[in-house]
Amino acid sequence: MIRIENMSVARQGITTLSDINLGFGEGGVTALIGPNGAGKSTLLHAMSGLLPLASGRVTIAGQDIAGATAQVRARTVALLTQSEHVTARLTVADLVTFGRWPHHRGRPGPADHAAVAQALDLFALTDLGQRQIDRLSGGQRQRAFVAMAYAQGTPWMLLDEPLAALDPRHARDLMERLHALSRPGPRQRSVIIVVHDLNIAARYADRIVALKDGRIARTGPKVIALTSAMLSDLFDTRMAVDAVNGHPVVVPV
Amino acid sequence: MAERRLFALLGLLALLSALFLGWGLREPAGFILSLRAVKLASLLVVGAAIGAATVMFQTVAANRLLTPGIVGFDALFVFLQTGLVLLLGGAGFATLPDLAKFGAELLCMLLAGVALFGVMLRRGAEDVLRLVLTGVILGVFLRGLSGFAGRLLDPSEYSIVQQASFATFGAVDSTQLAIAAAVLAAALTGASLLAPSLDAAALGSTTARAIGLPFDRIALLALVIVSACVAASTALVGPITFLGLLAASLAHAVLRTWRHALLIPGAAIIGASILVAGQFVFERLLGQQSTLAVIVECVGGLLFLFLVLRKSRP
Ligand SMILES: Nc1ncnc2c1ncn2[C@@H]1O[C@H](COP(=O)(O)OP(=O)(O)OP(=O)(O)O)[C@@H](O)[C@H]1O
Ligand SMILES: [Mg+2]
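These protein sequences, in sequence, are chains A and B.
Take the first sequence: its letter number 44 is residue 44 in my numbering, and every next letter is one higher.
Take the second sequence: its letter number 97 is residue 97 in my numbering, and every next letter is one higher.
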C-alpha cells in the first residue's frame, strides 16, 4: 500500500502539487491522467522518493519513503521517467542489467542475468538484446526502458508515458503484459502508469486518478470515474464517453 | 573487445617509454638514464592523472566537452603562484622550500576544488551546469586578478610567474614527483572502487537515482578524486587545459565501452602516451625542449572547437 498524506511539492519555488491525499492498494493498474503540466510526472517522482516534499509524507507499507536508503527505495519502487536518453554505449541487455542495480550494485550475478533474460523475453526484446541502445527506434528503446524497470523486480512499477513512442500493436502488447502482471499471483506487480490515450486508460486500467493544476480532480474505479462531464472538465474540451464491449470509449467531440 | 584494446594501449605506452629512455643513449649512460627516468615518471604521472580525472569529471558532469581545467583549476594555480610572488617578492618565492611550496599548493587546490564542487553539489546534481558556469567565471576572475597582480610585479618577478604558469616538464623535483605519484596511486585506487557506480551515474542523475544510486554522494566522491588528480599534476608541472579532453575523447573512441573500470585506466594510459610520445618527438627527434605543452594545448584546443562545432550543429 502506498499512502500519500497531505503532500505538497514545489519545483523551483513554485508549488506544483498541493494537498494530495491518495492511497494505492496492491495490484491492478492505475492510470494517471490529466492535461500537460498537471503534475503527473511530479507525482510519480515524489512517490519514488526522488523529489523533496514541501509538506506531507509518502509511506509504502507503512515506511516513510523519505527515510529509506536509496537501495531499499529502489527495491520497492521502479520509476520509468518520461525523457530517457542515454549517452553511454549500452546494449539493450546492458541497460536492462542496470535495472538490477539495487540487487547487484555493479556486480551482476547469475540470478541477475536470469532476471534480465526473463525481462527481455517478456517484452519481446530477446532479438534486440545485443543491439546498442542508441541504434534502436524510439519505440524499441522505450520498450527496453520498460524492461529495465520491470527487471528491477519491485512490487511497484511507476511508468511515465511508456506508450509515447509505441505503435498500436506494441502499445496493446505492453498494456496487456502490464495488466497480466498486475493480476493476483506470486509475482504480482502494482502498476501506476501515466497515459494520454484515454481509451488505453479505459481499456486496461482498473482505476483512474485524474490530476489538474497540481490537485486531484477525481479518483475512482474507471467505470465510475470516466464520465463525459469529468473528462470535459479535466481537459477543458468536450468529450463523449460511450461503451463498447463493456469498456468505456472516449471520443473528443 | 575493450579489454584487449586496453592491453594494446598499455603495450604502446610501454614501447613509447622504452624508446624515450633508450633512444640515442650516450655516456654517462647511467646518469642520463636516471635523468630520463625522472622525466618519464613525471610525464606518466601527469598524463595519467589528467586523463583519469577528465573521464570521471565528464561522467559526473554528464558532458563530454568539459575538463577540470576548463572550469577554472588552472586559473587557481596561476593565481596561487602570482599571489605567492606578490606576497614574498621574487627572491622570497625563489627561496621558498620546494617541498613546502608544493605541499601547500597541492593542499590549497584540493581544498578549493572540493569546496567549489561540494558547495555546488549540495544544491543537487541537476546543478552541474551551474557548477561549470561558476567555475568558468571563477577562472576568468582569477585570471584577471592574476593579470592585475602581474602588473604590480617588476619584470624579473613577473618572469618567475610566467615560468610557473605554463606547464614545463624540465625541472621536476623527485620528492615532489614521489608525492604526486602517491596521490595519483591513492586516487586511482579510489577510482577503481567507484567505477561501477560511475557506470550507473552515466545513465543520468534521474535514472541513476531511480535504480538506487546515491548520486550526490558518488558525484562528490568522484570530484574529490578529480580534484586530487588535477591538483597533484598541476602542482607538479603547471596547468595543462586540453590534455584531458584529448585523453578522454580518445579513450571513449578507442575503447568504445561504458565501463569505467576500463575507461579510467584507458584515459590514464592515453594521457600518459600523448605526453611521452610528444616529449620524445620534440626532445629526441627535433631537439626542442619546451614546445610540448604548447602543441598539446593547440591540438586539444582544436579538438575542443571541433567537438563544440559538431555538437552545436542542428
Ligand atoms: N524540473 C522542473 N523544474 C521546474 N519546474 C518543473 C520541472 N518539471 C516540471 N515542472 C513544472 O511542474 C509542473 C508539473 O509538471 P509535470 O512534469 O509534473 O507535468 P505532467 O502532468 O507530467 O505534464 P506532461 O503531460 O506534459 O508530461 C509544470 O508546471 C511544470 O512546468
Ligand atoms: Mg509528464
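Quick caveat, the hints were computed from the structure, so don't treat them as lab data.
Some hints here could point you the wrong way.
For each label pair, taking beta carbons as the anchor points, the in silico distance ranges come out as [said to hold, decoys possible]: (1) A:Arg169 with B:Ala185: 51 to 61 Å; (2) A:Ala124 with B:Ala253: 28 to 38 Å; (3) A:Ala114 with B:Leu107: 48 to 58 Å.
C-beta atoms are modelled at their ideal positions from N, C-alpha and C, and glycine is treated no differently.
When you take the CB atoms of A:Ala124 and B:Ala253, is the distance between them in 28 to 38 Å? holds, 33 Å
A:Ala114 versus B:Leu107 beta-carbon gap, inside 48 to 58 Å or not: Roughly 50 Å apart at Cβ, these two residues keep to the hinted range, so it holds.
Hint says 51 to 61 Å; check whether the CB-CB distance for A:Arg169 and B:Ala185 agrees. holds, 56 Å
The earlier numbered hints are all upheld by this structure, with none contradicted.
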